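Asker: Make the full structure from the sequences, and use the hints.
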Amino acid sequence: MKGDLSEYINLCGDLVVRFHEMLMKMGSYPELISEMRALFLEVLKNRGMVADELIEKWVQRLIRDGRGDPERLKAALVDFAFAAAFSEEEIENHINLVRKRDRFRNLWRVVNTEGVSQKKVIKALKEFCSIPEGNLYIDPGDAEGVRVVLIQRFISTHLPFVGVAKKHITIRDVDELIDRTYSSPRKVGLVGGKAAGMILAYRILVPRLGNRDPELEKYLTIPESYYFNSGIFSEFIEYNNLHHFRTQKYRSREEIEEDYRNIAELFKQARFPPDTVTMFADFLEKIGEVPLILRSSSLLEDSFGHAFSGKYDSVFLANQGPLEKRLDEFIWGLKQVHMSTYGPDPILYRRDHGLLDFDEKMSVLVQKVVGRRYGNYFMPFASGVAFSRNMYRWSPRIRKEDGIVRLVLGLGTRAVDRVGGDYARLVPLSHPQLRPEGNAQQIVKYSQKFVDVLNLNTGKVEAVPFFEAIDVMGPKAAHLALSYYRNGYIQKPTTFYEENSPETGCITFDNFLEKTPFVRIMKKVLRKLEQEYGRPVDVEFAWENDRLYLLQCRTLASRDEPDYVVIPSGIDSAKIVFKNNRVLFNADLRNIRYIVFVDPREYREIRSGEERIAVGRIVGMVNRALDDKYALFGPGRWGSNDLRLGVRVGYQDINRAVILGEIAFEQEGMTPEVSFGTHFFNDLIEARIVPVAIFPDEPENFFNESLLEHFPNELFRFAPDYYEKFYRILKIIDLENAQPGTRLRILQDVENQKGIGYLEVSAGKFRE
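Going by numbering that gives the first Met the number 0, 250 is the number at position 251 of the sequence shown; the sequence numbering is gapless.
Hints may be right or wrong, so weigh each one.
[As the list claims (entries may be wrong)] Computed Cβ-Cβ distance ranges for the label pairs, DEER-style:
#, residue 1, residue 2, range
1, H352, K125, 35 to 41 angstroms
2, D351, D212, 37 to 43 angstroms
3, G353, K125, 54 to 60 angstroms
4, D351, E708, 47 to 53 angstroms
5, P139, E30, 33 to 39 angstroms
6, C11, R519, 49 to 55 angstroms
7, L31, G353, 24 to 30 angstroms
8, R546, D358, 50 to 56 angstroms
9, E41, K475, 56 to 62 angstroms
10, H352, D626, 48 to 54 angstroms
Simulated from the structure, these hints should not be mistaken for laboratory data. Just so we're clear, the structure is a prediction, and the values are computed from it rather than from any experiment. Each residue gets a CB set at the ideal place from its N, CA and C atoms; glycine is no exception.
Answerer: This is the structure we're talking about:
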């Protein structure tokens with residue numbers, strides 16, 4: 000070639016540079032060059048850019064020109080054609096695809112090697128994930144097989160979960176999870192059910208691969224999360240010789256409760272291995288002084304069909320001050336979550352559900368608390384729990400399939416626990432502004448009065464009056480959360496800076512529901528999750544800074560209920576035990592032999608907290624002693640943490656009841672709250688217990704105390720030591736002994752919002 004090269008450079012300079020850089024990149028992986036060329040040729044042919052005949056023609060022409068070896072010529076032509084046909088980015092993607100295939104083959108071999116160490120698996124995984132992701136992927140069928148093995152090794156072994164997760168959690172997702180996982184070098188472990196549910200739900204909603212919903216991508220996220228896996232728990236038990244707790248689950252309830260009363264002292268004295276403590280300290284130093292929540296994430300928790308709602312502990316930490324202080328609090332927080340594995344509630348729950356023989360282990364999901372600091376308080380704007388199916392339909396306009404939200408201001412503890420004297424906003428997503436309350440006075444009465452906040456000075460979750468919380472949160476929060484009672488009407492503010500005193504307002508969230516995308520986003524979230532899980536779900540969430548934080552996702556227990564219920568006419572009024580008009584489920588419960596009744600008026604007269612606690616203890620004794628299903632009625636809110644408002648019971652105290660009746664006389668001041676969405680409510684559903692709220696002083700409600708007084712009290716049969724002191728408060732009726740052949744029948748009709756319980760001559764066995 001003679002003369003100026005500029006003409007040639009202008010014509011093909013970019014191609015020459017691209018070709019050169021491609022060869023340099025290929026040369027970095029000499030063992031893969033043949034595979035790269037095979038891919039290049041396959042792609043060129045598939046896109047119709049070359050054919051075997053054309054390449055052969057080129058090769059023969061070059062041979063005639065004395066160019067040499069045909070294979071070398073073919074390789075040069077393929078390389079040049081590929082460089083000419085594709086951009087630098089496309090070339091790099093194809094080179095990296097070959098590299099990924101190579102490292103994938105190695106990863107597949109390692110994960111399928113019996114007895115392979117965790118260290119080797121992680122090394123092979125890191126080698127694969129170190130290659131840029133690009134937009135060309137491993138064959139989906141091949142990738143799915145490795146996904147399954149990785150999910151079972153690091154996340155969960157439950158097959159129903161794995162069956163869904165393998166479609167959404169990618170190999171790179173597992174790699175990122177490992178980067179945030181803390182573990183023992185001596186014990187393998189999993190991140191547990193709660194962490195698994197959150198990870199899977201987020202990937203379903205915001206997929207790594209495939210099309211994303213722009214709105215979900217913009218508004219949906221998860222908290223900054225770290226996974227302290229079950230290997231830490233296993234080593235802690237072994238290191239401190241606490242093996243005897245593993246067989247404690249086979250003991251009697253009384254022995255389990257006695258052991259658990261002593262467990263705190265044992266765990267306080269127990270120690271983590273020194274290198275594990277160093278790992279904790281390094282974590283805290285890295286994360287800094289930010290509020291944390293240590294959430295239980297046991298291997299069984301949030302599994303399909305078994306939610307373990309509220310069975311294990313979660314611990315809030317202010318995480319403020321010197322590292323040594325923060326480390327002590329962090330270690331004690333971990334121990335509290337760990338020791339809840341051996342609590343009576345989860346063990347008896349497992350016993351009821353045939354899970355006792357499973358070797359349960361505890362992981363801890365450590366998250367930055369969602370929210371912001373307001374002086375000494377830390378909280379999000381709002382939190383709650385949402386359900387893809389709405390079982391509480393007080394109006395025929397409400398659509399079951401659109402779901403329902405239980406919404407509170409501040410931390411979500413107030414949404415999932417049965418809190419004495421307070422209420423959450425129930426939001427049917429089909430009609431967000433529709434309320435169960437009939438008038439403005441009731442809206443005020445049944446609104447949230449207190450807000451849960453994390454006090455950064457005390458390190459405790461505290462309940463503060465809502466107007467105090469609103470005052471520190473500012474005008475935007477007041478605008479979105481509050482409405483005001485004026486002249487017999489509830490009015491929402493029209494601007495951020497209306498002159499209103501928070502004390503004159505009530506929490507309605509009317510502006511929040513109307514002016515933010517919350518309702519629209521939540522409907523999408525619930526619909527998509529139910530679709531992918533193939534069953535109804537619930538999610539716990541927080542809303543902060545115009546973003547929806549997904550905290551937890553689990554499948555819902557389902558009830559087998561009649562499609563419709565017909566309440567017969569002409570029932571003898573003297574035989575009616577109760578009527579109610581707030582119905583959650585269709586039910587036809589027959590052949591109920593026993594009635595357990597805690598008299599609301601007598602309970603109100605108890606002045607001693609110890610005696611009120613004893614009532615719950617007696618209910619638990621009766622629950623264990625009865626040899627048949629029974630109906631349980633009592634004042635206000637069963638399971639409330641406020642003894643004034645209801646009998647304090649746990650799951651193990653009521654799990655054999657078939658109905659849980661909550662009676663609220665106007666003068667008692669113990670108003671039942673619809674507990675839909677609380678952990679307590681989830682327990683009722685899983686135990687197939689029908690919740691019934693009865694308001695005897697309201698129209699269409701009735702409770703026949705005089706009928707129950709007619710029957711003898713058989714408390715002495717089941718709790719003889721308590722009879723003399725408590726026979727006026729707690730009554731046990733054995734209908735078979737009192738009137739042979741008589742049984743209680745209960746009908747609940749959702750469509751017409753009517754329910755009744757009445758005595759009849761038994762016509763068969765109990766059925767639902």
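Asker: It remains to establish, for every hint, whether it holds in the given structure.
Answerer: So, going through the hints one by one against the coordinates:
For the pair H352 and K125, the beta carbons lie near 39 angstroms from each other, so the given range of 35 to 41 angstroms is met. In this structure the hint that D351 and D212 lie 37 to 43 angstroms apart at CB holds, the actual value being about 39 angstroms. For G353 paired with K125, a C-beta distance near 40 angstroms fails the hint of 54 to 60 angstroms. Range check, D351 to E708: Cβ separation about 33 angstroms, and the 47 to 53 angstroms hint is violated.
Judged by the Cβ atoms, the range 33 to 39 angstroms given for P139 and E30 is violated: they are separated by roughly 26 angstroms. Checking the proposed 49 to 55 angstroms range against C11 and R519 shows it holds: the Cβ atoms sit about 53 angstroms from each other. In this structure the supplied range 24 to 30 angstroms is violated for L31 paired with G353, their Cβ-Cβ distance being about 52 angstroms. The beta-carbon spacing between R546 and D358, approximately 38 angstroms, falls outside the hinted interval of 50 to 56 angstroms.
Against the hinted window of 56 to 62 angstroms, the Cβ-Cβ separation of E41 and K475 comes to about 58 angstroms, which satisfies the hint. Distance hint for H352 and D626: a CB-CB separation of about 21 angstroms, inconsistent with the stated range 48 to 54 angstroms.
The structure is inconsistent with the numbered hints 3, 4, 5, 7, 8, 10, although it conforms to all the rest.
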